[in-house]
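Chains A and B are the protein sequences, given in the same order.
End of the first sequence = 239 in the working numbering, gap-free, step of one.
End of the second sequence = 496 in the working numbering, gap-free, step of one.
These are calculated hints, taken from the structure and not from any lab test.
Note that the Cβ used here is the ideal one computed from N, Cα and C, for glycine as well.
Among these hints, one or two may not hold up.
What the hints assert, rightly or not - Among chain B residues calculated to face chain A with C-beta under 7 angstroms, some are:
(1) PHE222
(2) ASP223
(3) GLY231
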Amino acid sequence: MAYQRRPVVWDIDYIAPTGKLVAIIGPNGAGKSTLIKAALDLIPRVSGRIKFFGKPYRSVRDRVAYVPQRTSVDWDFPVSALDVAAMGLYRRIGWCRWVTRPYREQALQALDRVGMADYATRQIRQLSGGQQQRVFLARALAQDADLYLMDEPFAGVDAATERAIVSLLQELRAAGKTALVVHHDLQTVSEYFDEVLLLNMRLVAAGRTKDVFTAENLRRTYGGKLSLLDQVGARIAGQ
Amino acid sequence: MIRNLRPNESGSVSALRSCSILLGTLLLFLLCPNALFAAEAPASPSAIVRVLTLQDYNTRVVLLGTSLLGVCGGIVGVFMLLRKRSLIGDVIGHSALPGIAIAFIVTQIISPGTGKNLPILMFGAFVFGLAGAVCVLLIERYSRIRADAALAIVLSLFYGLGTSLLTAITRMPTASAAGLSSFLNGKTASLLAGDVWVFAGASLLLTIVTLALFKELCLLCFDSNYAGASGWPVFWLDALLIGLVAGVTIVGMQTVGLILVVAILIIPAASARFWTDDVRHLTWMAALLGALSAGVGTLVSSMAPRLAAGAVIVLSGTLVFLVSLFGGTQRGLFWKWREHRRRRARIGRHDLLRAMYELIEATQPDIDIPEQRLILARVPQSRILEKRSWSPRRVDQLIRRAIRGELLESHNDGTFSLTPEGAALARRAVRNHRLWELYLITYADVAPSQADYDADQIEHVLGPEMIRELEERLTRQCGTSLPASPHTLDLPGPTI
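Between the sequences and the hints, there should be enough to build the whole structure, so can you do that?
Have a look at this one:
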């Protein structure tokens with residue numbers, strides 16, 4: 001299984017291993033979201049190839065689940081948490097068919113896996129940011145994919161949601177699934193992820209977290225501006 | 001006001017749009033009644049009865065046609081509203097005008113005298129309506145011009161073109177353009193039963209297509225990125241939605257007219273949004289409201305045959321909108337206003353009682369003041385005024401309300417004291433407030449100077465469950481059930 005990529009952000013060659021959690025790290029504007037969107041054919045690529053499981057994306061779409069940034073949609077939309085989770089099943093339901101009871105049950109199970117079953121009938125505007133993020137994850141889970149592409153699932157969520165997402169990621173890994181996660185919090189990278197992709201318009205470094213997530217690589221990614229970096233670097237060096 | 005009502009930009013645009021349609025139509029009524037009413041005497045009572053009891057075959061058929069149009073406009077409009085493309089309907093309506101004119105001219109040239117062939121005119125309108133919508137989308141996509149400007153540019157361009165072509169037609173030697181202008185304002189009463197069957201069929205078809213693709217359209221409107229990533233043809237769904245809107249525009253052209261056709265798309269959907277938070281209910285409701293306003297409008301204009309039908313339909317729709325705007329159970333202004341007033345009153349009451357308590361507390365040695373002493377203590381109004389940054393008027397108002405609510409008692413010397421209920425409520429308010437402050441300081445690394453401000457905002461929304469949790473975690477540290485204010489106290493536990 002390979003995802004060879006060379007999208008609008010340039011010079012990115014990376015093959016993600018199966019059954020691992022991969023963090024995509026980089027400063028604002030580094031092209032993290034762009035990379036994911038380009039991989040999913042949402043924005044045109046100038047050049048480059050992306051393969052999922054050795055095939056083009058079109059033919060294996062159903063094995064890939066996308067979790068967009070929470071802020072990319074209007075949460076005032078008149079649907080409930082269950083409706084959103086059920087959207088993950090729409091492909092399986094097919095054109096012009098309504099969402100019937102068995103599918104609603106499945107959506108409810110997906111919500112249950114992220115601890116949101118009690119909120120199933122809530123209108124999504126009445127959920128907190130973390131709960132909204134979990135509903136998005138439930139939608140991806142309902143798809144029952146093999147590869148999950150998550151765009152900043154940890155951004156602005158509460159501690160309970162962060163724990164829920166982490167245990168979910170571990171659950172996915174245990175089931176042999178792969179997750180590529182755009183991540184912001186450098187402090188938790190080594191704790192949560194097996195592999196890291198350091199990105200700043202181009203690929204800085206990629207590989208196993210303990211090999212690649214070094215102070216030197218971080219400085220090359222972020223330009224050494226943040227004092228936080230030094231702290232994190234020191235911690236890594238100390239380990 | 002309207003921004004509060006609908007937080008997203010496009011929602012407020014459509015609300016504004018609905019308001020402006022209402023105002024425009026009202027103005028039309030006020031300024032030129034002659035344009036709307038026939039010069040002849042108003043309809044006789046017996047004619048009104050005939051219309052209302054649907055005795056004429058023609059009235060029945062026209063009513064059926066316009067109601068179906070209302071249903072289909074309402075349903076398609078829901079998705080237009082949710083896709084935040086409310087004004088595309090307006091663009092399509094205005095852009096259709098040159099299409100009609102050109103279709104008329106072309107048929108007139110090919111075979112003189114047959115220019116008013118309805119299917120050909122409708123085809124022209126459809127093509128140009130779509131062309132207008134596509135222009136907007138292209139400008140939006142490939143230039144740096146924003147959507148609002150793109151809409152305005154395309155709309156005025158096409159409408160200008162249409163108007164000049166119409167003027168040219170009236171000067172054509174062979175043709176009479178009479179009747180073409182009825183496409184602008186609509187003319188329900190002059191509809192023929194045969195035409196109406198066509199419209200009814202088209203409305204039904206549009207409705208069925210929309211409902212069949214209900215799930216897909218919902219997904220498109222909610223999260224087009226996700227829809228695209230999971231393999232739905234987002235571009236074609238978008239194109240289909242625009243096609244549906246164009247369809248409604250063309251069907252509505254003879255009934256409400258090209259200019260006002262956007263109203264039968266937006267007003268029912270926007271009105272229904274005030275009543276429900278579920279897209280399925282929203283759709284049924286918009287369909288119902290659309291049918292209702294179209295039906296009422298048709299009946300009224302059948303009674304006064306020269307009344308512009310489009311205007312009447314839009315007016316009755318706007319009436320529905322106004323009722324929803326104020327009375328809608330989900331986000332109607334009246335309910336919002338009442339809730340806001342209640343919350344304001346509750347917060348004011350708590351703040352006043354807390355100020356009283358703290359003033360009394362400052363004169364007492366213990367942290368936990370016995371109720372007896374709380375009730376006996378008298379506080380002059382000037383002290384309350386000093387304590388908080390309230391205006392004298394606000395303090396006056398708060399005190400008056402508290403006295404009316406039997407929380408405070410006033411005395412002849414101009415001082416106030418707490419009643420037993422007031423004392424109990426004051427204790428509770430102070431306690432909530434301080435628990436929250438302590439919680440913020442202990443757990444959230446908030447500086448004590450900031451905690452007071454935040455606590456003022458949040459203590460009123462702390463539920464009993466939260467209070468219990470805070471109590472368990474925090475009163476333990478302080479030893480009393482009513483912790484002292486952290487502003488004066490050295491806190492036990494974690495330091496910042």
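Agreement of hint ASP223/B with chain A interface, Cβ distance less than 7 angstroms: 5 angstroms, holds
Restraint check, 7 angstroms cut-off on beta carbons, for PHE222/B near chain A: 5 angstroms, holds
Proposed interface contact between GLY231/B and chain A, which counts if any beta carbon pair is under 7 angstroms: The hint holds - GLY231/B has a Cβ within 7 angstroms of chain A, the shortest such distance being about 4 angstroms.
Checked against the numbered hints given earlier, the structure satisfies every one of them.
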